[in-house]
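Modelling step: build the complete structure from the supplied sequences, incorporating the hints.
Each residue of the sequence shown is one higher than the last, beginning at 138 in our numbering.
Because the hints were derived from the structure by calculation, they are not lab data.
Any given hint could be a false lead.
[Claimed, not checked] Simulated restraints, written as ranges between beta carbons of each label pair:
| no. | residue 1 | residue 2 | range |
| --- | --- | --- | --- |
| 1 | E206 | F151 | 29 to 37 Å |
| 2 | Y302 | Q185 | 37 to 45 Å |
| 3 | T234 | Q332 | 35 to 43 Å |
Nothing here was measured: the structure is a model prediction, and the numbers come from that model.
Using N, Cα and C, we set each Cβ at its ideal position, and we do this for glycine too.
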Amino acid sequence: MDEWPVDDSVKTIFNHLVRAYQENPGLVSTAQDRIPLRNLPPDPITRQPFNLPQAAWEYPQGTYRRLEEMLVQVIGNPAELSQVDPALADYVYGVQTPSINGITIGLGIGSNGGNVNGSVQLQWDKSQSIGLQICNSVGDCANFTLIHTNDRGWQLDFRDVEDLYGNVYPEPNATYPSNPKWYWHDSIGANHFIQQLGGGGWGDLHASCNSVWLICSWKGNELIGCYTQCL
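What follows is the structure, given as structure tokens:
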């Protein structure tokens with residue numbers, strides 16, 4: 138075997154793949170990424186970092202719409218995304234996008250003075266979408282799926298917003314949860330969750346709470362109200 142010539146465009150893809158792995162191994166190995174909210178542009182209305190629980194509450198309008206528009210702008214611009222998350226920019230625009238339709242590697246094989254030329258088509262595994270979390274400083278995270286479609290390019294699919302303990306914030310205008318109850322082992326996480334919902338007139342829970350339940354009721358897809366149980 139004399140040579141395996143590789144097209145420069147293929148070399149570029151693998152260079153981006155290596156660089157993305159060096160910057161964020163988890164992104165390449167698991168297709169999961171997390172961007173700190175502080176690295177992103179602020180809410181244009183409040184001039185403050187986006188209120189993620191409020192985005193869930195107002196989905197699909199209001200704060201959520203502004204958050205989505207900002208993310209679409211950042212992710213849709215390779216240069217801007219590279220400033221926010223270099224590994225994700227490398228992975229999305231250096232690896233995934235140019236290999237959507239597969240990559241071709243030319244082969245040159247020599248044996249007993251004879252040459253055989255050919256090519257090999259490598260199809261990048263596109264079965265994995267990219268899981269994207271946008272997280273604030275206290276552990277609230279907005280969860281999205283970044284999906285590529287041939288006709289629309291990269292698209293964001295909103296999943297939910299959850300707190301540090303994995304409790305999902307209510308979305309009155311979305312499908313209500315199958316089990317609309319949230320549980321914490323102490324009052325600290327519960328107080329944060331409730332305060333992010335706007336207080337609801339509950340006030341601070343007593344520090345003596347060993348555990349807390351928040352229970353909400355829906356009529357159809359309309360949130361009627363919530364109450365807490367301190368245990």
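Structure-based check of each hint:
Remark: the range hint 29 to 37 Å for E206 to F151 is upheld by a beta-carbon distance near 34 Å. For Y302 and Q185, the hinted distance range of 37 to 45 Å is not satisfied, since their beta carbons lie about 24 Å from each other. Look at T234 against Q332: about 41 Å separates their beta carbons, and that is inside 35 to 43 Å.
Going through the hint list in order, the structure does not satisfy hint 2, though it satisfies all others.
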